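Colleague: 1 is the number of the first residue of the sequence shown in the numbering used here; add one for each residue after it.
The reader is advised that the hints may include incorrect statements.
[Said to hold, decoys possible] Cut-off 20 Å, straight-line C-alpha distance, at most; resulting in silico cross-link-like pairs (SDA-like, lysine to any residue):
| id | residue 1 | residue 2 |
| --- | --- | --- |
| 1 | Lys198 | Pro227 |
| 2 | Lys198 | Arg164 |
| 3 | Lys198 | Val262 |
| 4 | Lys198 | Pro175 |
| 5 | Lys198 | Asp177 |
| 6 | Lys198 | Arg267 |
| 7 | Lys198 | Leu183 |
| 8 | Lys198 | Val176 |
| 9 | Lys198 | Arg131 |
| 10 | Lys198 | Arg114 |
| 11 | Lys198 | Glu117 |
| 12 | Lys198 | Asn230 |
| 13 | Lys198 | Glu136 |
| 14 | Lys198 | Val71 |
| 15 | Lys198 | Arg249 |
| 16 | Lys198 | Pro226 |
| 17 | Lys198 | Tyr223 |
| 18 | Lys198 | Val241 |
| 19 | Lys198 | Gly228 |
| 20 | Lys198 | Leu244 |
| 21 | Lys198 | Gly133 |
| 22 | Lys198 | Leu224 |
| 23 | Lys198 | Trp245 |
| 24 | Lys198 | Asp153 |
Read the hints as simulated data drawn from the structure, not as lab findings. Note that the structure is predicted; figures quoted are calculated from it, not measured.
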Amino acid sequence: MRLVDSHAHLQAERFAGDANAVLVEARAHGVERLLNPGWDLASSEAAIALAREHDWVDAAVGIHPHAAGSVVEGTWARMAELARDPVVVAVGETGLDYDRLFSSREAQLAGLRRHIELALEVGKPLVLHCRSGRGERNAQDDLIVELRRAGLDGRPWREPFPDRPPAVLHSFSGPVDYAAASLELGLAVSISGLCFRKQEEPTAEVARLVPEDRLLVETDSPYLPPPGANRNRNEPRWVEVTALWVAERREIHPDALGEQLVTNYERIFRSSR
């Protein structure tokens, strides 16, 4: 089965010393493309360095909502420079996280807006993180409001993104109508090992709902291990577990899904290189 991992943090501390070995193992398990997003300035620079070492690995640069409250203006200027690097194919990860408010909602919203402006400026899709507290959906609702306000389905975005999504919902979590609203805006949806958790039952319906050309899978390594993976450190090679789960929900052969995933990744991200 051909595979992609549309979101993995190989520059995380848990991979210190063996990131290259982890990538070799991923290739041996069929992973052909991997997006390595940053979550702050240092990790974004590290993502670029890793992508320069491996031609099948791409970088994304951004400030995670957890860190939104501590960003200074000089960081934004540097991030704008990094976003123009040829190995950078996306802007993020950015978004909203109301589950654990390490940064205020106001700071998160301000950071999201800066990323939206940067993505439109450089013509590279957004990688969006969105989490609400248990039993809530306020982050998802606020994200849709912000994306509509930015006009992601309008003319300014159609020029740099004529035939591909302007943003990807990374590690989908939320109600089905939130997914539907995101799809109406033209977004892609990436499914992670989070789908195996009991409180994430709606993701099964979402996995069937997403158009085939806007579907991705990911590990979010080193986090969110699927069944069978090391609980202390998820790795890109385990993306197959999630891909097989998606194939079963969509009632298609895994090989057919794998072909589509590689095609989608190439169109969504690699056309930026």
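Colleague: For each hint, tell me whether it holds in the structure or not.
Modeller: Taking the hints in turn, this is what the structure says about them:
no.	hint	in the structure
1	Lys198 <-> Pro227	holds (13 Å)
2	Lys198 <-> Arg164	violated (32 Å)
3	Lys198 <-> Val262	violated (29 Å)
4	Lys198 <-> Pro175	holds (14 Å)
5	Lys198 <-> Asp177	holds (19 Å)
6	Lys198 <-> Arg267	violated (32 Å)
7	Lys198 <-> Leu183	violated (24 Å)
8	Lys198 <-> Val176	holds (15 Å)
9	Lys198 <-> Arg131	holds (16 Å)
10	Lys198 <-> Arg114	violated (34 Å)
11	Lys198 <-> Glu117	violated (36 Å)
12	Lys198 <-> Asn230	holds (19 Å)
13	Lys198 <-> Glu136	holds (15 Å)
14	Lys198 <-> Val71	violated (35 Å)
15	Lys198 <-> Arg249	holds (16 Å)
16	Lys198 <-> Pro226	holds (12 Å)
17	Lys198 <-> Tyr223	holds (17 Å)
18	Lys198 <-> Val241	holds (17 Å)
19	Lys198 <-> Gly228	holds (16 Å)
20	Lys198 <-> Leu244	holds (18 Å)
21	Lys198 <-> Gly133	holds (15 Å)
22	Lys198 <-> Leu224	holds (13 Å)
23	Lys198 <-> Trp245	holds (15 Å)
24	Lys198 <-> Asp153	violated (33 Å)
Hint compliance for this structure: hints 2, 3, 6, 7, 10, 11, 14, 24 are not met, and every other hint is.
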